[in-house]
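A.B. asks: Generate the whole structure from the sequences, applying the supplied hints.
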Amino acid sequence: MSSRRRVKERYSNLNYLIHPRSVALIGASSNRLKIGGIMWSYLQSFPGRKYPVNIKQETIDGVKAYGRVSDIPEDVDLAVIAVPARSVPSVIDDCIRKSVKAVIVISAGFGETGEEGRKLEEEIKNRIANTNMVLLGPNTLGVYVPSESLDTMFVLREKSRRPPDGPIAYISQSGASASGFMDMAEYHQYGISAFVGLGNKLDVNENDMLEFFSKDDKTKVLCMHIESFADGRRLLELCRKITPYKPVVILKAGRTETGARAAMLHTGSMAKPSQAMDGALKQVGVIRANDLLELFDYSRILAYQKPIFGPNIVVVTSGGGYGVIAADYIEDRNVGGELRMAELSHDSKKRLREKLPSFASVNNPVDLTGNVTDEMFDHVFRIVNEDENTDGILAFLLLQTPYTTDRLVEIAWWWFKNGKKPMVPCIIGGLHSEEVIRMLESRGMPVFPDIRRAVLSLRVLYERGKYLLKIGKNRSGAG
Amino acid sequence: MSEKFFKRILNYASETGSKNIPEHLVKPFLKSQGITVPRFVVVEKISDLSKAGVLRFPVVLKVSSNRFIHKTDVGGVLLNIRSMSELKRSVKVFREKFGGETLLVEEMVSGNVDMICGLIHDDYFGMCIMIGIGGIYTEIYKDISTRVVPVSRVDVLEMISELKGRGLLEGFRNIRVNKAAFVNLVLRFSAIGEEYGKHILGLDANPVVLNQTSATVVDAKMVLK
Numbered sequence: 001m002s003s004r005r006r007v008k009e010r011y012s013n014l015n016y017l018i019h020p021r022s023v024a025l026i027g028a029s030s031n032r033l034k035i036g037g038i039m040w041s042y043l044q045s046f047p048g049r050k051y052p053v054n055i056k057q058e059t060i061d062g063v064k065a066y067g068r069v070s071d072i073p074e075d076v077d078l079a080v081i082a083v084p085a086r087s088v089p090s091v092i093d094d095c096i097r098k099s100v101k102a103v104i105v106i107s108a109g110f111g112e113t114g115e116e117g118r119k120l121e122e123e124i125k126n127r128i129a130n131t132n133m134v135l136l137g138p139n140t141l142g143v144y145v146p147s148e149s150l151d152t153m154f155v156l157r158e159k160s161r162r163p164p165d166g167p168i169a170y171i172s173q174s175g176a177s178a179s180g181f182m183d184m185a186e187y188h189q190y191g192i193s194a195f196v197g198l199g200n201k202l203d204v205n206e207n208d209m210l211e212f213f214s215k216d217d218k219t220k221v222l223c224m225h226i227e228s229f230a231d232g233r234r235l236l237e238l239c240r241k242i243t244p245y246k247p248v249v250i251l252k253a254g255r256t257e258t259g260a261r262a263a264m265l266h267t268g269s270m271a272k273p274s275q276a277m278d279g280a281l282k283q284v285g286v287i288r289a290n291d292l293l294e295l296f297d298y299s300r301i302l303a304y305q306k307p308i309f310g311p312n313i314v315v316v317t318s319g320g321g322y323g324v325i326a327a328d329y330i331e332d333r334n335v336g337g338e339l340r341m342a343e344l345s346h347d348s349k350k351r352l353r354e355k356l357p358s359f360a361s362v363n364n365p366v367d368l369t370g371n372v373t374d375e376m377f378d379h380v381f382r383i384v385n386e387d388e389n390t391d392g393i394l395a396f397l398l399l400q401t402p403y404t405t406d407r408l409v410e411i412a413w414w415w416f417k418n419g420k421k422p423m424v425p426c427i428i429g430g431l432h433s434e435e436v437i438r439m440l441e442s443r444g445m446p447v448f449p450d451i452r453r454a455v456l457s458l459r460v461l462y463e464r465g466k467y468l469l470k471i472g473k474n475r476s477g478a479g
Numbered sequence: 001m002s003e004k005f006f007k008r009i010l011n012y013a014s015e016t017g018s019k020n021i022p023e024h025l026v027k028p029f030l031k032s033q034g035i036t037v038p039r040f041v042v043v044e045k046i047s048d049l050s051k052a053g054v055l056r057f058p059v060v061l062k063v064s065s066n067r068f069i070h071k072t073d074v075g076g077v078l079l080n081i082r083s084m085s086e087l088k089r090s091v092k093v094f095r096e097k098f099g100g101e102t103l104l105v106e107e108m109v110s111g112n113v114d115m116i117c118g119l120i121h122d123d124y125f126g127m128c129i130m131i132g133i134g135g136i137y138t139e140i141y142k143d144i145s146t147r148v149v150p151v152s153r154v155d156v157l158e159m160i161s162e163l164k165g166r167g168l169l170e171g172f173r174n175i176r177v178n179k180a181a182f183v184n185l186v187l188r189f190s191a192i193g194e195e196y197g198k199h200i201l202g203l204d205a206n207p208v209v210l211n212q213t214s215a216t217v218v219d220a221k222m223v224l225k
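Residue numbers (the numbering used here), protein chains in the order written: chain A, 1 to 479; chain B, 1 to 225.
Accuracy of the hints is not assured; some may be wrong.
As the list claims (entries may be wrong) - Covered stretches of chain B, going by a simulated chain A footprint (3 or more residues, C-beta under 8 Å):
(1) 92 to 106
(2) 194 to 204
Stated by the list, open to error - As a list, the in silico DSS-like pairs of lysine-lysine whose alpha-carbon atoms are at most 27 Å apart:
(3) A:K252 - B:K88
(4) B:K179 - A:K470
(5) B:K19 - B:K31
(6) A:K56 - A:K34
(7) A:K306 - A:K119
(8) A:K470 - A:K215
(9) B:K198 - A:K241
(10) A:K119 - A:K98
(11) B:K4 - B:K164
(12) B:K45 - B:K19
(13) B:K179 - A:K466
(14) A:K470 - B:K164
(15) B:K51 - B:K92
(16) B:K142 - A:K252
(17) B:K179 - B:K4
(18) A:K466 - A:K417
(19) B:K31 - A:K466
(20) B:K164 - B:K198
(21) B:K88 - B:K19
(22) A:K215 - A:K34
(23) A:K241 - A:K159
Derived from the structure by calculation, the hints contain no laboratory data. For every residue, glycine included, the Cβ atom is placed at its ideal position computed from N, Cα and C.
C.D. replies: In structure tokens form, the structure reads like this:
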């Protein structure tokens with residue numbers, strides 16, 4: 001078989017990892033306290049054909065169980081393996097005999113544990129080397145695809161909720177942080193097109209999944225948490241192709257590692273691997289996150305808001321204190337990057353003065369004071385949107401002032417969606433604020449409960465806009 | 001043209017078994033790539049000194065050997081030599097100190113700003129290029145920016161804008177330097193990285209001295225893979 005054909009088949013087999021027509025669970029159990037039992041019960045939401053495989057039991061929950069995958073009479077697209085590590089190689093053999101398209105090895109106890117585990121990995125690698133079967137893992141939570149109701153994760157749903165369907169593909173090399181991330185995503189109604197846990201990356205790696213989701217119409221943003229690069233050069237090539245159309249956000253953990261370097265050279269001693277990585281990823285338009293919260297914030301603001309095409313930010317607030325802190329962060333290169341506080345036009349200031357109380361500030365930050373009304377917010381949003389000196393808006397929606405009502409939230413929502421200038425909203429408070437934030441987020445409007453996070457997200461929207469301009473994508477074609 | 005000079009570098013490495021390439025082989029190669037270096041004369045034997053007559057004094061005398069990659073640390077750099085007779089005396093001293101090692105005599109270059117430009121092979125991303133504020137405080141400030149080779153002019157300008165010391169290239173306190181010449185130099189290094197990257201582990205130009213007219217590589221080190 002030509003290698004080109006193999007690449008193509010491999011790619012289509014990745015499709016069965018995310019969109020299988022049938023799934024076999026090897027190690028299925030009727031005991032809900034066991035991993036194989038949890039997984040079998042969660043597999044029940046999958047509408048396609050599903051088969052329990054268990055070498056000891058005749059039936060699982062009243063469904064006929066098969067001793068081996070090869071005993072299943074129909075085709076199997078995806079086999080999910082949750083048996084002890086030492087049994088995995090023989091199960092893989094059976095999957096190859098059955099011409100299974102894709103395999104997920106949930107089981108741990110491989111390369112991550114030491115020499116013996118590494119040997120097992122080698123055995124598996126040798127077995128799949130001459131096939132087109134794709135293998136995800138081992139040591140992974142597997143996949144979660146809301147639109148397919150496919151969920152291979154063994155973390156309990158009541159403790160680790162699953163996010164809704166949406167525009168973000170989430171690829172992670174870390175299982176534990178992925179379940180926390182997704183639980184948080186569910187709370188904020190952050191929608192994902194799919195989650196893929198890479199595990200030990202024996203076969204399928206981040207580059208395969210990046211390429212796959214770059215061609216997936218549903219996916220608008222690629223969000224990735226990795227600890228090692230399978231092939232850095234390939235990653236750059238892929239990102240260079242993808243980022244003009246879809247934002248890619250990467251959290252690369254483990255920045256202190258040192259590689260073999262020509263340490264006698266200045267370039268060698270200073271341009272550490274992490275330095276080289278910073279430059280390389282920036283070059284191909286990747287947005288970098290330093291931790292999970294940044295990964296979360298950046299991927300969702302990029303999914304739900306337009307890029308910002310200039311550095312000039314106007315801050316709209318009814319609390320002077322928030323405005324001052326925000327201005328400090330915007331002008332701080334370490335937080336705001338190249339953002340700066342916009343200088344409003346003479347005309348805007350005049351129009352603002354007509355609508356606002358005499359003691360309000362019509363400079364930037366625009367401070368509407370505690371006497372603010374819903375209408376004032378609406379006027380101000382209109383004026384700053386029409387001002388040619390502004391590129392983006394940071395809006396503090398203070399819910400605590402006496403003359404504002406629930407309508408303020410509707411006004412902010414309207415401008416978030418329809419405003420010419422991208423807006424990032426910030427709401428600070430306790431229980432009431434939390435409820436409002438959740439309501440807005442369920443409509444697809446990310447709200448930041450923290451000033452610094454809001455400014456960082458504005459910066460990311462500007463970095464995205466600047467990159468699009470740099471590569472010659474015009475404003476209308478972007479986003 | 002360049003091929004010839006790089007071949008000498010490869011030959012040197014295979015003859016000596018050394019991966020560290022002495023400066024008297026690196027400089028001609030850089031020059032052949034259109035990179036500005038000071039005018040120089042290579043002194044293998046005393047009679048070569050007569051060639052130094054064409055140089056404009058003051059000059060600098062350097063030992064050029066794979067054994068002394070950090071020349072300054074071993075007293076292998078003598079600055080500000082003002083005449084031929086002083087040069088002859090200095091060469092004699094260097095001969096006693098460093099035996100038969102090759103010596104390099106170069107014209108002194110004056111400038112207002114020291115930069116660094118280098119290539120480095122990265123395990124993950126391949127050949128990368130670095131620029132930064134150079135000179136003796138390079139490792140103190142670590143004010144650098146990197147990219148993967150090749151870089152475009154826009155990339156280089158973006159790299160400069162990432163430096164904290166970018167003001168030095170942009171007229172800070174009326175310091176006038178030829179920023180465009182430095183940008184061109186970085187692009188030429190990028191081209192070297194592209195063409196010869198499979199042989200090079202690292203290449204350091206520090207300092208690259210900038211003045212109103214040019215960007216000159218005053219000191220260069222190369223390490224092969």
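A.B. asks: Evaluate each hint against the coordinates.
C.D. replies: Comparing the hints with the structure gives:
Counting residues of the region 92 to 106 of chain B whose CB lies closer than 8 Å to any CB of chain A gives 0, which falls below the minimum of 3, so the coverage claim is violated. Residues of the region 194 to 204 of chain B lying with their CB closer than 8 Å to a CB of chain A number 4, which satisfies the three-residue condition for coverage. The suggested pairing of K252 (chain A) with K88 (chain B) is violated, with an alpha-carbon distance near 57 Å, which exceeds 27 Å. Under the criterion of a C-alpha separation no larger than 27 Å, the hint pairing K179 (chain B) with K470 (chain A) is consistent with the structure, at around 21 Å.
Restraint check for K19 (chain B) and K31 (chain B): the C-alpha separation of about 21 Å stays at or below 27 Å, so the hint holds. The hinted pair formed by K56 (chain A) and K34 (chain A) meets the criterion: a straight-line CA distance of about 15 Å does not exceed 27 Å. The straight-line distance between the Cα atoms of K306 (chain A) and K119 (chain A) is roughly 48 Å, outside the 27 Å bound, and the hint therefore fails. Our distance criterion of 27 Å between C-alpha atoms is met by K470 (chain A) and K215 (chain A), whose separation comes to about 23 Å.
Between K198 (chain B) and K241 (chain A), the direct Cα distance comes to roughly 25 Å. Compliance with the 27 Å bound is thereby established for this hinted pair. For the given pair, K119 (chain A) sits about 24 Å from K98 (chain A) by alpha-carbon distance, which is consistent with the 27 Å threshold. For the proposed pair K4 (chain B) and K164 (chain B), the alpha carbon gap of about 39 Å is over 27 Å, so the pair is violated. A hinted pair counts as satisfied when its Cα atoms are at most 27 Å apart, and K45 (chain B) with K19 (chain B) qualifies at roughly 24 Å.
With a C-alpha separation of about 23 Å, the suggested pairing of K179 (chain B) with K466 (chain A) holds against the 27 Å cut-off. Restraint check for K470 (chain A) and K164 (chain B): the C-alpha separation of about 22 Å stays at or below 27 Å, so the hint holds. About 16 Å separates the Cα atoms of K51 (chain B) and K92 (chain B), which keeps this hinted pair within 27 Å; it holds. For the proposed pair K142 (chain B) and K252 (chain A), the alpha carbon gap of about 22 Å is at most 27 Å, so the pair holds.
For the suggested pair K179 (chain B) and K4 (chain B), the alpha carbons sit about 30 Å apart, so the restraint of at most 27 Å is broken. With a C-alpha separation of about 21 Å, the suggested pairing of K466 (chain A) with K417 (chain A) holds against the 27 Å cut-off. Our distance criterion of 27 Å between C-alpha atoms is broken by K31 (chain B) and K466 (chain A), whose separation comes to about 36 Å. Restraint check for K164 (chain B) and K198 (chain B): not satisfied, since their Cα atoms lie roughly 32 Å apart, outside the 27 Å limit.
Under the criterion of a C-alpha separation no larger than 27 Å, the hint pairing K88 (chain B) with K19 (chain B) is inconsistent with the structure, at around 31 Å. Using a Cα cut-off of 27 Å, the hinted pair K215 (chain A) and K34 (chain A) is violated, with the two alpha carbons roughly 37 Å apart. Restraint check for K241 (chain A) and K159 (chain A): the C-alpha separation of about 38 Å exceeds 27 Å, so the hint is violated.
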